[in-house]
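Visitor: Which chain is which? The protein sequence lines are D and Z, in order.
Under the UniProt record's numbering, the first sequence has 15 at position 15, and the numbering climbs by one with no breaks.
Under the UniProt record's numbering, the second sequence has 488 at position 488, and the numbering climbs by one with no breaks.
Any given hint could be a false lead.
Where chain Z lies over chain D, by a calculated footprint (3+ residues, C-beta under 8 Å) [as the list claims (entries may be wrong)]: (1) 462-475; (2) 478-485; (3) 658-669.
From the structure, some residues in chain D lie toward chain Z, with a derived Cβ separation under 8 Å [stated by the list, open to error]: (4) D164; (5) F233; (6) K397; (7) L399.
Hints listed in this document are in silico derivations from the structure and should not be mistaken for laboratory results.
Because the structure is a prediction, the values reported are computed rather than measured.
The C-beta atom is built at its ideal place from N, Cα and C for all residues, glycine as well.
Number of protein chains: 2
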Amino acid sequence: MNQDYIIPDNWSILEEGFDAARVEASESLFSLGNGAMGQRANFEENYSGSSFQGSYIAGVYYPDKTKVGWWKNGYPEYFAKVLNAPNWIGVNVYINGEELDLNTCKEIRYFRRELNMKEGWYERSFTAILPNEVEVAVKVIRFLSLKRNELGAINFEIELKNTDANVIFEPYLDSGITNEDANWEEKFWETLSVKSVEEQAFVTAKTLKTEFHATAFMQSSLFKNGKVLNAAFEEKVHEDKISFTYSSEVKKGDKIALHKFGGYVTDMNHKRENLIAAAQAVLEGAVSAGFETLLQEQKDAWAGIWEMADIAIEGDVKAQQGIRFNIFQLNQTYLGEDARLNIGPKGFTGEKYGGSTYWDTEAYCIPFYMATKNHEVARNLLTYRYNHLDKAIENAKKLGFSNGAALYPMVTMNGEESHNEWEITFEEIHRNGAMVVAIKRYVEYTGDFSYVPEKGLEVMIAIARFWQQRANYSTKKDKFVILGVTGPNEYENNVNNNWYTNYIAKWCIDYCLASLEKVEREYDSDFKRIIEKTDLKEEELARWKEVSEKMYFPYSEEYKVFLQQDSFLDKEIIPVSELSRAQRPINQKWSWDRILRSCYIKQADVLQGFYFFEEHFSKEELEKHFDFYEPLTVHESSLSPCVHSIQAAALGRMDQAYQFYLRTSRLDLDDYNNEVKEGCHITSMAGTWMSIVEGFGGMRVIDGKLSFNPRIPEGWDSYSFKLNFRNQILKISVAPQKTSFSLEGTEPLEILVNGKPVAVMPSVLLTV
Amino acid sequence: MNQDYIIPDNWSILEEGFDAARVEASESLFSLGNGAMGQRANFEENYSGSSFQGSYIAGVYYPDKTKVGWWKNGYPEYFAKVLNAPNWIGVNVYINGEELDLNTCKEIRYFRRELNMKEGWYERSFTAILPNEVEVAVKVIRFLSLKRNELGAINFEIELKNTDANVIFEPYLDSGITNEDANWEEKFWETLSVKSVEEQAFVTAKTLKTEFHATAFMQSSLFKNGKVLNAAFEEKVHEDKISFTYSSEVKKGDKIALHKFGGYVTDMNHKRENLIAAAQAVLEGAVSAGFETLLQEQKDAWAGIWEMADIAIEGDVKAQQGIRFNIFQLNQTYLGEDARLNIGPKGFTGEKYGGSTYWDTEAYCIPFYMATKNHEVARNLLTYRYNHLDKAIENAKKLGFSNGAALYPMVTMNGEESHNEWEITFEEIHRNGAMVVAIKRYVEYTGDFSYVPEKGLEVMIAIARFWQQRANYSTKKDKFVILGVTGPNEYENNVNNNWYTNYIAKWCIDYCLASLEKVEREYDSDFKRIIEKTDLKEEELARWKEVSEKMYFPYSEEYKVFLQQDSFLDKEIIPVSELSRAQRPINQKWSWDRILRSCYIKQADVLQGFYFFEEHFSKEELEKHFDFYEPLTVHESSLSPCVHSIQAAALGRMDQAYQFYLRTSRLDLDDYNNEVKEGCHITSMAGTWMSIVEGFGGMRVIDGKLSFNPRIPEGWDSYSFKLNFRNQILKISVAPQKTSFSLEGTEPLEILVNGKPVAVMPSVLLTV
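One chain only, chain D, in its complex shape (with noise of 0.2 Å):
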């Protein structure tokens, strides 16, 4: 744990007192979202200390010059930025013609953050003296509106404290802005247009070679003690830049506030010629509701989300702020309604790693929106990946595969492969698996089979098509291989025979099958417009089937493990616990060819497989893979304590179910590794949620029922969530020895408490 300055709180996160250093992180932990646009938590007015700035607009994207010592046939040409947009929420303030800067203030005497993640407002309040000996409390509030989610407001308040003075607000739109993170020190935005209409600005700018067109805009009304106040105001425009300035005389003690309504139209959803109508409306909405309205729809938006995504902690705040903020980011940044949206790995909360879609998003993410919210949103989810076939048969095909073969891409954004390594561009082909389990999970949990002959199938044809032609035979072995891989475990490189790789390999060759001969069965019109698209014949499933049956699994008779790859056992095992506390993380003190010919495995890759196909094997294997694997582990990926954690509690093994839980909700909050000034972890927050549903409730889909085996943390004195299954909401909630079930549906729930059936009836509340 790097850092304890996050004052623990059930509802929200809280900071207090000022210190620079902590200003990058702060950004980042108060990051807000609507899941359309996002911002780091940057002060609106100028700050001239350190400060990372981020605004972005979900799905504009700037495809950067692939930059790369040595080139390799089938990489990329580009890396897929997320961008830094037009900057919309900037405030300069000036007292008495001095500028407010944190950064150069006399004295900051009061300084406090609030996120409320109930509901969904950030607040910054301080005290401090300028320069000029003004003494200025100011509280600024600011939120993306969940109900119009074009739109962005702030309330910037200031009250005099010793004296009258001449106060000026000028709020501003911005384009002339850069990405901390670009190759080649270009430009990504091109500005197009700057201009006002009366008290409404514009900025018009287009991302290059996307081309996409996103118009900024804001307008502005001045308050005093409350009151509006018609005050004239002073127009500036520059190249990319638009301003207005509000003057006023004000008395010690007196409070002056701009209301300032500000956001983002863009040419995803309206078109180019009526950017500005488009935005002109936006601001109509927003002035004739007025902030405290807006705040209000606010508020009722997020309560409307938390009805259902809450998961409740009585007796461990820390537990509490951090699942909670893991729900809050994971809502504000992706919330279902767009198939052309997914889920970044940071969100709306920093540009690091580029693209918006990894693997992520089918192994840990699908299960949070798939139980809490309406099943569109998953089906969502998997229908983006069903736009991007053409394009992952594309990729396939440039690394020569044919047939219709698909490999998905490690990172994209429109479907196209846009990261260039190797080792994991051409490699780590795991991915592809995900795809399919996403699938199954969907169809297991929603019992909603529609989606595989409407388009599951193609997906699941087109990847059994690859791991067919992927695999070899080895005549050594007389079985098939997969050579030259990465599992999840990037701490090990082109190996052969990663067992995770060849299992799921097989598992999707033979879900395919199964789900072949269902929609033959069942859906024959389907079945005869997939057959005739993709062109399958006879002949090309006997090939499945032999690779299937014939698929090598690497095993070690000595330990009863299925091994990590061809080669682990020749290397040096020693457990993590006997390697010094100076050489960890490993990632940063070690050179890679160390790494990867060391054991030590960065996140689960066995047992990710034990965790996506637990019904295939036995506790005591399970158990046994865990010990195996588990102590040669260091956790340096923040998607892998969860899956330890159900693992862990599976094993009833609470203490260690806790100690990852806590390392998975707090990662951030805590900055476990001492990068959170980068952006929040999104993605591996929802594998937080998944230990405690999963983990600690025990929850899984067996046989098309929903089963429980409660367990609660030491100290905890219970929990409580909700599912949505099938379109039933079904609430648990767990106390030591005590599991209560309560039922908002229609019919009769049949569920599986520690392995036993019981009937939830609607509208009673069951006990066991």
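Dock chain Z against chain D, hints included.
Guide: Same frame as chain D, now just chain Z:
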């Protein structure tokens, strides 16, 4: 083969006819060098067509900031780039005010280049009609003096064919140059001063970061019909350029010529404050000798080199031209007088690859220099690595090794690693072995063991330490294994137990142990000094021995061959002959992962081990391995054909040996890989020499004696070469059924011919 325009000739490289598409290739092929500086065959006069400008100063480099997509710990900060140096050859020419530019001439009636390898000069002659209808016949001779290695000389002669005209020569110096190969488009040079003293001009510039100071200089004289003209000239000085303008009225049929002397002096050889004085001394010597005398010196110097280094082939002019081109380029690149220098893979013919020193030097180049020069030259090459030992130890430390273990860099200029691909930089560690092989070859060939106690043993100890630490004990195998390496075949990365690497690792330890014993017995004071300096203890030696004795070697019982690496037989084994032409070269057609999991071999790997350690194996074993591996080899490295040529010859397969010989000797002349415009493949040229001497001639050193198994390709009348063996000069001539030896020495020499001992007497020609 991609081109066929070089005219076969025994002693010259000839091109006739002007083709703009060939300009860049010819710029490489007609390059000049004198070991201290070099020059692509760029035109002196302006050329507005496509050209790749290159002037190089040996040892002067720029540390270009590493460009990499994803940083890995241990990567070097920079990549040492060979630098395009200030231009000293430039001479602008104007005829009646019209610029002479072969790209804009109305007609080029005649165009011829000759690189006279026998005498070491380059001549370009052409007849052209300018846009203003003036017809000129031009002849330019250029050379870089071997005797005065800071000096180059140009004789630029023009004859007016159809009219009287005004002719202006404008010789210049220019430091405003760029590199084709720059990571960040930065400038590499900063001009410090531009000045003149009467007819002499000087441009002093320094390289950024490395701060090499170099002064380019020039002085010119004008001649009409062979008589000096004391013409007035006009000086023009720019920020980084200086020129003198000589204008004369010339009559039709007259010949007007400019003699330009120029070159570089640098602070590698002079004090910075004396650079201009040093340049003046060079110029004064040149001017007082005059062009013709300097040219005669050049012819004499090359005669001296050829006297010893030539290989004469009768009956096959293309083979003759090929080998002489190779020998000529090697001597242009490196003459062995300066232990700070080495043999860059492109020599002075291009920028590609950067750095000057690869394992090519030890693996391929040392035999050539050892046999054709004073043994001091090979000793200098060994000393180069001894001088870099501390940096090699530092380099190993960065990768986690300790106790004085050394890892020599993959690519270097000054001893520091300057390559940055993890699978090469960190894993292609077999290069360490070549350092010791070179010492062994030196000792065997020269009989000079004194290098070992003086310097070599320290290198060997540091390398033995590396291997002992790098191997790890596999309980599964009860053997020591070496995991995660790239062998000489760079088409496999991060493999386990590459046989070549394991074999050379064990051998390095054994050879070091044997050398330690010999030094202890025979060089007592050296032994004490080294043991003290290296702090070498008995316990450590015991660990070395354990690793050597229990080293693991992958072997196939089925095929009775050592396996290239543990998993080689899991691959699909399909010979290259069954691979369609359209798929090749695979490094241009396939993605990297596909190459890696294929069975295709870039260059000798197991066979490289059989080459270095031929005496450890029977001919049957060689044959078995050759027949297993060669058919899987795509020879996509310039270093591949020579080793296979030698082994094919050893197996008596002369046709195959000859095919490989042609491929290596005419690789650049015939531009097999369509890339000669980037520069020539200098280091592999030493392999060509080996193909004849060790391949066709069957030369080996066996128990301290020279041994031959002479063979001759079909169609050759004879071939002959000389060897400096232990300071006696032996000349070998091979004709069908008849080999003769003559000795220029003082002692009789016992050699082995076809396994039988034969005494060669001084001054007696022995025919067997």
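Visitor: All hints, please: hold or fail.
Guide: Checked hints:
| no. | hint | verdict |
| --- | --- | --- |
| 1 | 462-475 | holds (count 4) |
| 2 | 478-485 | holds (count 3) |
| 3 | 658-669 | violated (count 0) |
| 4 | D164 | 55 Å, violated |
| 5 | F233 | 45 Å, violated |
| 6 | K397 | 10 Å, violated |
| 7 | L399 | 5 Å, holds |
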